Each structure stands twice: as structure tokens, then as C-alpha cells.
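Guided by the hints, dock chain F onto chain A, whose structure is given.
There are 2 protein chains.
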Amino acid sequence: MTDQPLILGAVLYEGFELLDMFGPLEMFTAVAPEVLQVVMIAEKKGAVKAGSMANSPMPTCIADYGFDDAPDLDLILVPGGIGTFAELENDKMLSFLRDRAEKAQITASVCSGSALLAKAGLLDGHRATSNKMFFNLAVTQSDKVAWIEAARWVEDGKFVTSSGVSAGIDMALAIIARLFGNEVAETIAKGAEYIWHREADVDPFAQYLNEGSI
Amino acid sequence: MTDQPLILGAVLYEGFELLDMFGPLEMFTAVAPEVLQVVMIAEKKGAVKAGSMANSPMPTCIADYGFDDAPDLDLILVPGGIGTFAELENDKMLSFLRDRAEKAQITASVCSGSALLAKAGLLDGHRATSNKMFFNLAVTQSDKVAWIEAARWVEDGKFVTSSGVSAGIDMALAIIARLFGNEVAETIAKGAEYIWHREADVDPFAQYLNEGSI
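Heads up: the protein sequence lines correspond to chains A and F, in order. Under my numbering, the first residue of the first sequence is numbered 1, with each subsequent residue one higher. Under my numbering, the first residue of the second sequence is numbered 1, with each subsequent residue one higher.
Okay, chain A solo, but in the shape it has when bound (with noise of 0.2 Å):
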């Protein structure tokens, strides 16, 4: 642990899934911000629209930093949503995140956040999951790496994948416990009243697969 707090760089995009982002938001801003801070980063700084597979009128939320400008990250949070498409063809997107990705410490995405993480080559020789019902957005994005089917989330080193939103949560608390210890990680669960899942194998949610593919 250094004097300084890591840096959580969140990667907000237009059609980003609310869920996959401010889950595990909540989570890692109620660690003491003498040791993690959050950053909200886009492309461009600013407003950007949330989205939904449902096409309803969403909220807007802020990027506080650019690409150009957002500082050195500790910690990289990829969430998924209907962006994922058009973020897939957005060159700047995969190379900010093939930059950034190579100097931090983890790199975790939600649902078919690790679809863009494997477009830009990050995931290939590793591990990792997706959303069930579009997993094979991510599948088809690398065939360099080992896709697991059935996990909630899945850590290889530094690259921690989860599955499709709410598996997100239970992946922050698991990254918490890594960083800052398991009783930090089980002190904001409980305080959010939250039943963590614990068990990253354990998937429900496995028998759905590609239901959703289009």
C-alpha cells in the first residue's frame, strides 16, 4: 500500500448498462477514499447517455476526465450494454483501453464489457466470462481465448471478467477483498444489505446461454 489511493478509472460510453457501471460503483466507493477513488472517464468529458436493451428514455450521467486527460489508473472498471456494438467499431475506445490496461493492476469488466476487452487483443491467452445472453458478442470477438460458459465472474491475474450485470456486484466485492481484505469487502455488503455471492463458479444463470443472441 502506498501513500497515495489507487485510481478506479470508470469507462462511461453512450449505451453504457446502468447496473453494469454504478453496481460495482457502490461497492468501491465505500471503500475509505484514503486508499480508492473513483474516476468517471469517456471519450470526451461530459454527458453520456446510459442505455437499454428495452430502447427506453435513460439517465445521463457525467465523464469527469477524457481519454486525453483522465490520470494514471490503478484499477480499470469496462462495463457492458447495448454500446457495446457501436464501441466495438471505435478505434479510440480498444486503444485507450490496450494503453491503459498494460499499466494497471486490474482491469475488470461487466456482462459484455470484456466483448470490447477482447476486441482489443487484452483477453487473448486468458480466462474470462461474459453475459449469458450475448455471449457470443464476446466469443467472437478472439478465439485466443478460453471462454468460460458457467462462472459469475472470473480472475485471471490481472484481467477479473464478470457475467452479465448484476454479477458485477459480486465480482467489486471479490476485487475489494483481494485489494483491501476480506473483512473490508463483507463490512460493505453488509452495510448495503447486500447478499454477496460469493462463489465465482457457482453461475444460475449458465442454462441461459445465447438465449439473447442476435
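FYI, nobody ran anything at the bench for these hints, they're computed from the structure. Just so we're clear, the structure is a prediction, and the values are computed from it rather than from any experiment. Where hints are given, some of them may not hold.
For identical chains, the list gives no copy identity; a pair is met inside one copy or between any two copies.
Stated by the list, open to error - Listed next, the in silico SDA-like pairs over lysine to any residue satisfying Cα-Cα at most 20 Å (straight line): (1) Lys45 x Thr60; (2) Lys190 x Leu209; (3) Lys103 x Ile7; (4) Lys190 x Asn210; (5) Lys144 x Glu14; (6) Lys49 x Pro33; (7) Lys190 x Asn136; (8) Lys44 x His126; (9) Lys49 x Val39; (10) Lys103 x Asn136; (11) Lys49 x Gln37; (12) Lys190 x Gln207; (13) Lys92 x Glu186; (14) Lys44 x Ile62; (15) Lys144 x Lys158; (16) Lys45 x Pro71; (17) Lys45 x His126; (18) Lys190 x Ser56; (19) Lys49 x Gly66; (20) Lys190 x Pro204; (21) Lys45 x Gly66; (22) Lys190 x Met53; (23) Lys44 x Thr60; (24) Lys158 x Ser95; (25) Lys190 x Glu149; (26) Lys190 x Asn55; (27) Lys92 x Lys144; (28) Lys49 x Ile62; (29) Lys44 x Phe180; (30) Lys190 x Ala200.
Chain F in isolation, oriented as in the chain A frame:
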């Protein structure tokens, strides 16, 4: 069901708890927008910063409407958070909740949001619950409320109140089931890979009552 979608007003204020708001909104925005749409409201439209018990730097979100130009609301969602303490002294907030809850079909709160509903007098004569850590904050707002200590959430007619933070997600799914049918709620929970705690009376956190009292 009318031809117009129901409008859910999500009430932001400085220091709102992230997951209190965006857990339920993940579920509500997964309902077809033809039958339900979410609008983000605050006292004044524009940027509103979330809060954290850990006093961490927090994300900012946008209120698309102020109290003065918010549309008619069929549903109201009131989050809790560290900002609740200040809002208990904000007459504009209490008046807004009082005026709008009277006309709404359902007014729902998460966590310490029920303290605001109680202070506004809305819960008098009703059963209600609140978060565990600051349960007394809600209780001390009104002695005319039947406060339920052990409940994931409590439905009493048009008022639905949940326990702390994560319990709001379970409550949101119950409201969706009540309005649109159980199958809709189950499909949404599955899509979000959310392990829905369906029993309102089962509360694994009841043992921690008032541990955070100040």
C-alpha cells in the same frame, strides 16, 4: 392500462446513494417504454452529485427536470443516502413529495428515503421499513408509522418502502410484478442475471438493526 406509458419520477438530490437509485432503475428501464418510462427529477434540473458514507469522490448525474417543470407522475422513486440528512430540512423537497405522492399510483423509497416520506407525513397510518444501519433516523421522523424492523421491503397500498440499498432492487421487481405481471419481472431479473430475493418478509440483515446509529 391506458394508451400512455406510466411515468416514473426518480428523485435525485445531492448525496443520493448510487445503488438506491440505479439498482431499481436498471429494472424499471427494462420494462417496455410503451408502458413505463423513467424521468430524472431534482429540485433544480442539471447536475446532481451522488454521496457515499465513506465520503468518497462520487459520480455526477443529470436531472432532466426540476420540481417546477416535472411532468405528472404515476410512480415516484425516492432513494436514500448520506444526503437524506440535509433533505429532511428541505421544505421544497418535502412539499414536492407531499404534492406528488398524493396524485401518484405508487410512491416507493429505498433505504433512508423512507425517512423523507415519513417527515413529509406521507407514511402516517401505514406500515413501512427503512435501512438497517440508520433505522432510527426513519423512526424518529414520525410515531404514527408502523415501522417494520425485519423486512426486505413493505408494501402498504400506494406506499412501498425498502430496506437498505440493495433491497431496492428486490422491491423494484415486486412493483414491476404488481403492475405488469410476474412474468415480466422474472424475465427482467433473468436478463440482468439478478438473483431476485422474492420474499418481502425474509430479511437477512435484521440482526444488524441500528448498528450505524449516530
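Tested hints:
{"no.": "1", "hint": "Lys45 x Thr60", "verdict": "both (13 Å within a copy, 12 Å between copies)"}
{"no.": "2", "hint": "Lys190 x Leu209", "verdict": "between (31 Å within a copy, 11 Å between copies)"}
{"no.": "3", "hint": "Lys103 x Ile7", "verdict": "within (12 Å within a copy, 45 Å between copies)"}
{"no.": "4", "hint": "Lys190 x Asn210", "verdict": "between (33 Å within a copy, 13 Å between copies)"}
{"no.": "5", "hint": "Lys144 x Glu14", "verdict": "neither (28 Å within a copy, 46 Å between copies)"}
{"no.": "6", "hint": "Lys49 x Pro33", "verdict": "between (27 Å within a copy, 16 Å between copies)"}
{"no.": "7", "hint": "Lys190 x Asn136", "verdict": "between (35 Å within a copy, 18 Å between copies)"}
{"no.": "8", "hint": "Lys44 x His126", "verdict": "neither (30 Å within a copy, 47 Å between copies)"}
{"no.": "9", "hint": "Lys49 x Val39", "verdict": "both (17 Å within a copy, 13 Å between copies)"}
{"no.": "10", "hint": "Lys103 x Asn136", "verdict": "neither (28 Å within a copy, 46 Å between copies)"}
{"no.": "11", "hint": "Lys49 x Gln37", "verdict": "between (23 Å within a copy, 15 Å between copies)"}
{"no.": "12", "hint": "Lys190 x Gln207", "verdict": "between (29 Å within a copy, 11 Å between copies)"}
{"no.": "13", "hint": "Lys92 x Glu186", "verdict": "neither (37 Å within a copy, 37 Å between copies)"}
{"no.": "14", "hint": "Lys44 x Ile62", "verdict": "both (10 Å within a copy, 17 Å between copies)"}
{"no.": "15", "hint": "Lys144 x Lys158", "verdict": "within (17 Å within a copy, 53 Å between copies)"}
{"no.": "16", "hint": "Lys45 x Pro71", "verdict": "within (13 Å within a copy, 29 Å between copies)"}
{"no.": "17", "hint": "Lys45 x His126", "verdict": "neither (32 Å within a copy, 45 Å between copies)"}
{"no.": "18", "hint": "Lys190 x Ser56", "verdict": "between (32 Å within a copy, 18 Å between copies)"}
{"no.": "19", "hint": "Lys49 x Gly66", "verdict": "both (15 Å within a copy, 19 Å between copies)"}
{"no.": "20", "hint": "Lys190 x Pro204", "verdict": "between (22 Å within a copy, 10 Å between copies)"}
{"no.": "21", "hint": "Lys45 x Gly66", "verdict": "within (4 Å within a copy, 24 Å between copies)"}
{"no.": "22", "hint": "Lys190 x Met53", "verdict": "between (31 Å within a copy, 13 Å between copies)"}
{"no.": "23", "hint": "Lys44 x Thr60", "verdict": "both (14 Å within a copy, 15 Å between copies)"}
{"no.": "24", "hint": "Lys158 x Ser95", "verdict": "within (18 Å within a copy, 50 Å between copies)"}
{"no.": "25", "hint": "Lys190 x Glu149", "verdict": "between (29 Å within a copy, 16 Å between copies)"}
{"no.": "26", "hint": "Lys190 x Asn55", "verdict": "between (33 Å within a copy, 18 Å between copies)"}
{"no.": "27", "hint": "Lys92 x Lys144", "verdict": "neither (22 Å within a copy, 57 Å between copies)"}
{"no.": "28", "hint": "Lys49 x Ile62", "verdict": "both (9 Å within a copy, 10 Å between copies)"}
{"no.": "29", "hint": "Lys44 x Phe180", "verdict": "neither (31 Å within a copy, 38 Å between copies)"}
{"no.": "30", "hint": "Lys190 x Ala200", "verdict": "both (19 Å within a copy, 18 Å between copies)"}
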